[in-house]
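Number of protein chains: 4
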Amino acid sequence: MSRKTATLLISCPDRTGIVAAVSEFVHRHGGNLVHSDQHTDRTAGLFLQRLEWEQERFALSAAEFPAAFQPLATRFEMTWELRAAEQPPRMAILVSKHGHCLYDLLARHRMAQLGAEIPLVVSNHPDLESATRDLGVDFLHLPVSPATKSQQEAALLERLQAERVDVIVLARYMQVLSAGFLSHWQHRVINIHHSFLPAFAGARPYHQAHERGVKIIGATAHYATQDLDEGPIIAQDVVRVSHRDSVRDLVAKGRDLEKIVLARAVSDHLADRVLVYGNKTVVFD
Amino acid sequence: MSRKTATLLISCPDRTGIVAAVSEFVHRHGGNLVHSDQHTDRTAGLFLQRLEWEQERFALSAAEFPAAFQPLATRFEMTWELRAAEQPPRMAILVSKHGHCLYDLLARHRMAQLGAEIPLVVSNHPDLESATRDLGVDFLHLPVSPATKSQQEAALLERLQAERVDVIVLARYMQVLSAGFLSHWQHRVINIHHSFLPAFAGARPYHQAHERGVKIIGATAHYATQDLDEGPIIAQDVVRVSHRDSVRDLVAKGRDLEKIVLARAVSDHLADRVLVYGNKTVVFD
Amino acid sequence: MSRKTATLLISCPDRTGIVAAVSEFVHRHGGNLVHSDQHTDRTAGLFLQRLEWEQERFALSAAEFPAAFQPLATRFEMTWELRAAEQPPRMAILVSKHGHCLYDLLARHRMAQLGAEIPLVVSNHPDLESATRDLGVDFLHLPVSPATKSQQEAALLERLQAERVDVIVLARYMQVLSAGFLSHWQHRVINIHHSFLPAFAGARPYHQAHERGVKIIGATAHYATQDLDEGPIIAQDVVRVSHRDSVRDLVAKGRDLEKIVLARAVSDHLADRVLVYGNKTVVFD
Amino acid sequence: MSRKTATLLISCPDRTGIVAAVSEFVHRHGGNLVHSDQHTDRTAGLFLQRLEWEQERFALSAAEFPAAFQPLATRFEMTWELRAAEQPPRMAILVSKHGHCLYDLLARHRMAQLGAEIPLVVSNHPDLESATRDLGVDFLHLPVSPATKSQQEAALLERLQAERVDVIVLARYMQVLSAGFLSHWQHRVINIHHSFLPAFAGARPYHQAHERGVKIIGATAHYATQDLDEGPIIAQDVVRVSHRDSVRDLVAKGRDLEKIVLARAVSDHLADRVLVYGNKTVVFD
Chain C
0 MSRKTATLLI SCPDRTGIVA AVSEFVHRHG GNLVHSDQHT DRTAGLFLQR
50 LEWEQERFAL SAAEFPAAFQ PLATRFEMTW ELRAAEQPPR MAILVSKHGH
100 CLYDLLARHR MAQLGAEIPL VVSNHPDLES ATRDLGVDFL HLPVSPATKS
150 QQEAALLERL QAERVDVIVL ARYMQVLSAG FLSHWQHRVI NIHHSFLPAF
200 AGARPYHQAH ERGVKIIGAT AHYATQDLDE GPIIAQDVVR VSHRDSVRDL
250 VAKGRDLEKI VLARAVSDHL ADRVLVYGNK TVVFD
Chain L
0 MSRKTATLLI SCPDRTGIVA AVSEFVHRHG GNLVHSDQHT DRTAGLFLQR
50 LEWEQERFAL SAAEFPAAFQ PLATRFEMTW ELRAAEQPPR MAILVSKHGH
100 CLYDLLARHR MAQLGAEIPL VVSNHPDLES ATRDLGVDFL HLPVSPATKS
150 QQEAALLERL QAERVDVIVL ARYMQVLSAG FLSHWQHRVI NIHHSFLPAF
200 AGARPYHQAH ERGVKIIGAT AHYATQDLDE GPIIAQDVVR VSHRDSVRDL
250 VAKGRDLEKI VLARAVSDHL ADRVLVYGNK TVVFD
Chain Y
0 MSRKTATLLI SCPDRTGIVA AVSEFVHRHG GNLVHSDQHT DRTAGLFLQR
50 LEWEQERFAL SAAEFPAAFQ PLATRFEMTW ELRAAEQPPR MAILVSKHGH
100 CLYDLLARHR MAQLGAEIPL VVSNHPDLES ATRDLGVDFL HLPVSPATKS
150 QQEAALLERL QAERVDVIVL ARYMQVLSAG FLSHWQHRVI NIHHSFLPAF
200 AGARPYHQAH ERGVKIIGAT AHYATQDLDE GPIIAQDVVR VSHRDSVRDL
250 VAKGRDLEKI VLARAVSDHL ADRVLVYGNK TVVFD
Chain S
0 MSRKTATLLI SCPDRTGIVA AVSEFVHRHG GNLVHSDQHT DRTAGLFLQR
50 LEWEQERFAL SAAEFPAAFQ PLATRFEMTW ELRAAEQPPR MAILVSKHGH
100 CLYDLLARHR MAQLGAEIPL VVSNHPDLES ATRDLGVDFL HLPVSPATKS
150 QQEAALLERL QAERVDVIVL ARYMQVLSAG FLSHWQHRVI NIHHSFLPAF
200 AGARPYHQAH ERGVKIIGAT AHYATQDLDE GPIIAQDVVR VSHRDSVRDL
250 VAKGRDLEKI VLARAVSDHL ADRVLVYGNK TVVFD
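Residue numbers (numbering that gives the first Met the number 0), protein chains in the order written: chain C, 0 to 284; chain L, 0 to 284; chain Y, 0 to 284; chain S, 0 to 284.
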């Protein structure tokens, strides 16, 4: 925690010499690499890399970096992003009535395990207000009805922007967000779906799973996109079930999956370990 | 292996007193229960039970059992099946070109772990003939083309019936069997699908999984029904994958899943542990 | 939740006729079985059973049950226990400095998922006082030093007895409890050990695991006994790790395991699903 | 399969500039990297890397490589190994009476999935001779008794050396090999132990696991060393068990684990993905 690092995420057409050039660049400016991992998607002809180095002896400030790096980026046609991490990111959590993911994230927050600030929790229901406030976070109740859907979303957008929110976590928020809303936080809205996607997309996945008689259930954390349940998958996990499990049992087992999978995705995102390309992710570990 | 047992599989409307009545029946006729497990599906209002007892001191022969049991069965409106297991069941394996499931089943067969006879392996390709014959099992090559599909299936049906086959395992057999064919072996044709159903039904599931960017892949063994990939699921398992896995890697990891999941389903079926109701299974363990 | 049930846990020498006799008994007194499962340990020659029935039409009160059941119990040499469950059990949580299991249990408690009252949390450190109190539970700080160990335990014992505590959860409590203390709550003190026991018993299991280079780590919930890390195991789970995981990463991954495994064990215990015999458990599911 | 690649495994003290220097070296000589992964063990202060590149346009032959690479290796104090892979490695399999791992490896061999030649299988029992020969591999029976132990090992050594064996797989070979024998194949003898090491080292691990009442069992593939069951772990996997599983059930479930875990370790070893340092492995994936 004490060692300050910078992270660079790169994607570009696959060519020889990229790794050598980039690590030589970091090395030449005094950066001591603490993590370097790359991935080549041969089908897509794409090269993706994550580098993390100690900032202490690194010669370039975040402001100086772009100009110094641009020649190399141009040469290899790179899309790149630098995270120099002076301020922790600001994260909002959206919930409805189910509290298990919220409790879990707020507990991690209080134990200083997330590396983010949580300026507020927003819900379309009042049920989780005391839980949120008791754990020391501000709570905003924004009720919604079919008639008021667009106004509610506008109010939500305004408040999240006023709070300078960097990342949004949908911790079992049961409302669909519009493409316009999502465009403000592309690949920065993380949703948890309570099934092993693409199985059982849509409503009531545990009922669907019980009806189908599967022997394993799952949970999927993904970036929210305009196409519901179709966004890039960040994390998934599963648990074994049997004929002895009722829908209620699936829901109970699923709750534990959901909160762990969501927390893992949120942690990886906040640690700048997730790189999206096409409709997929690379999660550097 | 040495202890000879009989197995009774029951399903009936859920009422009080069934367990007491059935276990009293077995007890009264001298049967020492070695396994008794039941399941109540409250949604369906259905009671399902498996009982297994030592035949040695049991007073009723397989021939006498129906008349003695019928009053009780009638009283509780039971569907029931007795497996008294003097002769091992006869199992045919159907394959195409992929050999991993075939090798695995034949190895278990040679190590006497399956409790079945395997009179023959049938394939629409000649590739696995030497593997089959080297492992001591008869091989029948029945090539098929779009034009000869119905004749090939008729020949297959005739041969399997001539061999008095009780159960058919589709060990990566890439041909769809007709409803007419399947009707001869209802809930006795076991297929392995190389995905975590219902995700990625249909063709080329590993390609679909790679395209979607899932973090876990699976395999599903199920009874083949007229609706492809929709039959009652017997066993499933999964393995973690990452962006580092190409389609070829998924195929390789999946092979190990497929053979283990298929073998587990076949073993459970052969041990009379699987009870189908509706489109689901109870697998008593 | 609304349906009131009674649970009977039985163990006795394995003989024929037990299932018939017991289910007939419940049936005769008007009990509608909602769950019945049994297990025979052939090595130990032991029969174990769990029955759960609706209390509504059951003819015997908890007070009348023993006299009515005793003849049958005597006939089969049964050890038995009835849980008629009018009052929820009272559960104390003991912690030291790590909060992840505590937060998780208190969150489940607030969401009414445990079916227990939590009169207090006790710790030898003050660190988790505000977390506990913010979540609405009383907190007792009982510091301990080598010199004051026995007095501290005496004070702890007195307070837990005063609170009429039925079950104690050691949610990463880093003090060893004496045999005398444990004797007051035999098979009712649940501990979480942060390894896959019996691997890495004792101190600093994540350091041991990292040193040994294992590819999987685990967590184990068990009943605390005089022999440290040797009590009957209730629940275990594991997660895959690699050379990329530092000790700090193992600790972080392990935290998620620990809290889920502990909560599962606590839930099973509170639902009267755990039957201890010898140094093992049957967990009826 | 068609693309010929070379693999370089490196370990050296962790310093800045290694990645840049090595990838620049490969790039300068025309090597197109198809895989590059590195790992830094901060506790040990050690840097480990695996590079794999296409040989087609690479300017250096295997014979020329050492002289060209040595200056760089010296500068960074590297231990390194080049695998230029013209001939497939030669692998011997040692077995006793259990055939499941043997069948599995020989089936993979016949399906050309291993990338190795298997000149022979050796056993201290005759049981698996026909299985081996039927699958097309030579079989050598070398019986052993306490009195003949050293002579048998000498005969084994002689034969394996005569066959120019590169790697030895102990596929449930129930004899301990001496330190002298192992010294000929350091980190090239792969053993499968039928438990989740370090739990249940030594004899009869399934009996130990059943006795202890664990809820999960495992299997461990590791390099054999003088200290039994203490060598560097290559692969592990686990499966859930319950009170319903007898020792016989554990053995049956364990067999499937053992063969999959062993095959995974063998495949990783043969693909030059395993780097041993201290008593641990890095398995590059």
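Take these hints with a grain of salt, some might be off.
Copies of the same chain look alike in the list, so a pair counts if it fits in one copy or across any two.
Unchecked claim - Here are the simulated DSSO-like pairs of lysine-lysine, each with C-alpha atoms no more than 30 Å apart in a straight line:
id	residue 1	residue 2
1	Lys3	Lys96
2	Lys252	Lys148
3	Lys252	Lys3
4	Lys96	Lys148
5	Lys148	Lys3
Hint data in this document are derived by calculation from the structure and do not stem from the laboratory.
| request: Could you work out which earlier hints the structure fails to respect and list their numbers in ascending sequence? | output: Violated hints (numbers, rising): 2, 5; every other hint is consistent with the structure.
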